[in-house]
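> This is what each chain is made of:
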Amino acid sequence: MESIPLTWEEVARVYGRKIYNFAYRLTGNPADANDLVQEVLLRVRRGLANYQPGSFEGWLWRITRNAFLDDVRKKQRRPTAPLPDEVDRWDLASAEGADIEYARLSLGDDIQKALLELPVDFREAVVLCDVVGLSYEEIAAAVAVPIGTVRSRIHRGRKMLRDLLS
Amino acid sequence: MSHPSELISAYLDGELHGKELATLTKHLSSCGRCAAELEDMQRVRSAVRSLPVLEVPGGLVPEADPVVVPLRQNRGFLVGAAAAIVAVVIAVAAALAPDPGSVSIDELNSRFGARASLDPAFGPAKIVEPAVFGE
Ligand SMILES: [Zn+2]
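Respectively, the protein sequence lines represent chains W and C. Under the working numbering, the residue at position 50 of the first sequence is numbered 50, and the numbers go up by one with no gaps. Under the working numbering, the residue at position 34 of the second sequence is numbered 34, and the numbers go up by one with no gaps.
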């Protein structure tokens, strides 16, 4: 029997880091990752009241990816995102290579950049699998698609990454 | 020859079983193209898995557990007092908030409500004055 965290604070403490890393790898920047984590915790807090015993992690990741997807949709409705800003950020990033903390964070910059090039569905599947560490079954439940779709998205996502990184 | 390449990632992830697993294993032993793809996928998979785990920025997630003080006698009083503190905290916070739109009562209630009932620093004796909260 799976034990269920009782309060949203406990959920935040136990899963906060995973949610943050999911959010960061999908959005590619700390500000959006912070916003997303806050939104997820807000939804968890509201949702816990009506939580039906079952797979807690399934429930949590469904909430998390739905929050991410809502965010993506919201941004798509906005008139042209400031793309040059994004480019500047990366340029700045490589210029600050001396900073040790940054050097640690920028380890894997090319991988992060490649991830952001993937269509959302594929990025999400790869991140849930390789960053969060969910099984295909858990991903299928979170994303609400058949397991065969998960399998194909992960494989195609990885192939796109290979082409982007080569 | 048809290449069951869609099975390759599932194979790497240990998500392939039974007949499909047998099919792919057999195929890999005789197909250079799929064997090469397996190697590529393995490399990509480890690259993504090697991304550093980032620490959550401070303040984003609530910190250490507050000390839980067991409610002894006068439980009714303490619970009532805690609720009263919550009301005061909400009222004060709402009054002090520069932009009412940015602070939800629900948020404050949940954040301070739990503290008020669990944290000894929020002891009712210090805050609750009979003149205000007495019967
Ligand atoms: Zn083949």
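If you're looking for bench data, these hints aren't it; they were derived computationally from the structure. Do not take every clue at face value.
Stated by the list, open to error - Far from chain C, some chain W residues (derived; all Cβ distances over 10 Å):
{"#": "1", "residue": "Tyr51"}
{"#": "2", "residue": "Gly54"}
{"#": "3", "residue": "Lys74"}
{"#": "4", "residue": "Lys75"}
As the list claims (entries may be wrong) - Which stretches of chain W does chain C cover? Using the computed rule of at least three CB atoms under 8 Å from a CB of chain C, they are:
{"#": "5", "region": "32 to 38"}
{"#": "6", "region": "61 to 72"}
{"#": "7", "region": "111 to 121"}
{"#": "8", "region": "131 to 137"}
{"#": "9", "region": "156 to 163"}
Ideal placement from N, C-alpha and C gives every residue a C-beta, glycine not left out.
> Does each hint hold? Answer for all of them.
Do the hints match the structure? See the list:
1. Tyr51: Non-interface label stands for Tyr51 (chain W): nearest chain C Cβ at 15 Å, farther than 10 Å.
2. Gly54: The assertion about Gly54 (chain W) holds, with a minimum of 22 Å to chain C.
3. Lys74: holds, 18 Å
4. Lys75: Non-interface label stands for Lys75 (chain W): nearest chain C Cβ at 21 Å, farther than 10 Å.
5. 32 to 38: holds (count 3)
6. 61 to 72: violated (count 0)
7. 111 to 121: Satisfied; 3 residues make the cut.
8. 131 to 137: holds (count 3)
9. 156 to 163: holds (count 4)
Checked against the numbered hints listed earlier, the structure breaks hint 6 alone; every other hint is satisfied.
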